[in-house]
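Colleague: Sequence:
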Amino acid sequence: MRRWRFLVTAAVLLLAASFVFEARGIEKISPDPKGVALVDELVKALSIADADARVKALLPLVHKSLLSRDGKDLDWNVKDYSYKKAWQNVKFYKQPVEIHEVHKGNVFTIGFRETAERGRGDKYFIKKKEGINGMPAPISIFWPENGGDPKVIDMGSL
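Numbering of the sequence shown is given in my numbering, commencing with residue 10 and proceeding in unit increments.
Hint data in this document are derived by calculation from the structure and do not stem from the laboratory.
It cannot be assumed that every hint is accurate.
To be verified - Capping the alpha-carbon separation at 20 Å, the derived lysine to aspartate or glutamate pairs in DMTMM-like fashion look like this:
| no. | residue 1 | residue 2 |
| --- | --- | --- |
| 1 | K73 | E123 |
| 2 | K81 | E123 |
| 3 | K73 | D61 |
| 4 | K81 | D59 |
| 5 | K37 | E107 |
| 6 | K53 | E123 |
Stated by the list, open to error - Between beta-carbon pairs, the in silico distance windows are:
| no. | residue 1 | residue 2 | range |
| --- | --- | --- | --- |
| 7 | N155 | I57 | 27 to 33 Å |
| 8 | R14 | R63 | 54 to 60 Å |
| 9 | K81 | T18 | 54 to 60 Å |
| 10 | G34 | A125 | 36 to 42 Å |
We put the beta carbon where it would ideally sit given N, CA and C, even for glycine.
Build out the structure end to end from the sequences listed, making use of the hints.
Modeller: Put into structure tokens, the structure is as follows:
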């Protein structure tokens with residue numbers, strides 16, 4: 010019985026310690042001007058009233074893995090979920106955007122086959138308008154390893 014209690018206590022302590030160390034692993038960095046400009050353009054594009062014009066304005070801002078095969082529209086998974094949530098909620102965020110903080114991400118590969126690309130994904134947290142409750146929303150920005158322009162890889166947390 011004592012041994013069982015010891016093992017359970019040790020497991021709980023190890024689990025708690027892993028959460029503490031994971032939280033410490035978030036590295037906050039200063040916003041890159043290119044990233045801020047991209048997030049600002051994203052918020053402007055999401056604010057366009059006409060649906061077709063809105064999508065057309067978004068296409069050059071998002072990573073190619075979020076586009077349809079022909080590149081002329083957003084992939085249906087993106088359009089039905091993260092894009093839909095983002096354009097419905099963009100009205101709650103400041104324009105021009107104000108960056109609350111930036112979390113430096115890990116290096117990874119995004120996409121598949123012809124859309125595959127290696128780089129780093131950072132989260133730019135944008136502030137809400139005055140009087141609107143809630144936490145700042147993360148917009149995930151992909152920085153290609155080859156030095157290309159940054160692209161949005163997730164906007165669904167607006």
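Colleague: All hints are to be evaluated individually against the structure, with a verdict given for each.
Modeller: The hints, checked one at a time:
no., hint, result
1, K73 / E123, "holds (9 Å)"
2, K81 / E123, "holds (16 Å)"
3, K73 / D61, "holds (18 Å)"
4, K81 / D59, "holds (16 Å)"
5, K37 / E107, "holds (16 Å)"
6, K53 / E123, "violated (29 Å)"
7, N155 / I57: 27 to 33 Å, "holds (30 Å)"
8, R14 / R63: 54 to 60 Å, "holds (59 Å)"
9, K81 / T18: 54 to 60 Å, "holds (58 Å)"
10, G34 / A125: 36 to 42 Å, "violated (26 Å)"
Checked against the numbered hints listed earlier, the structure breaks hints 6 and 10; every other hint is satisfied.
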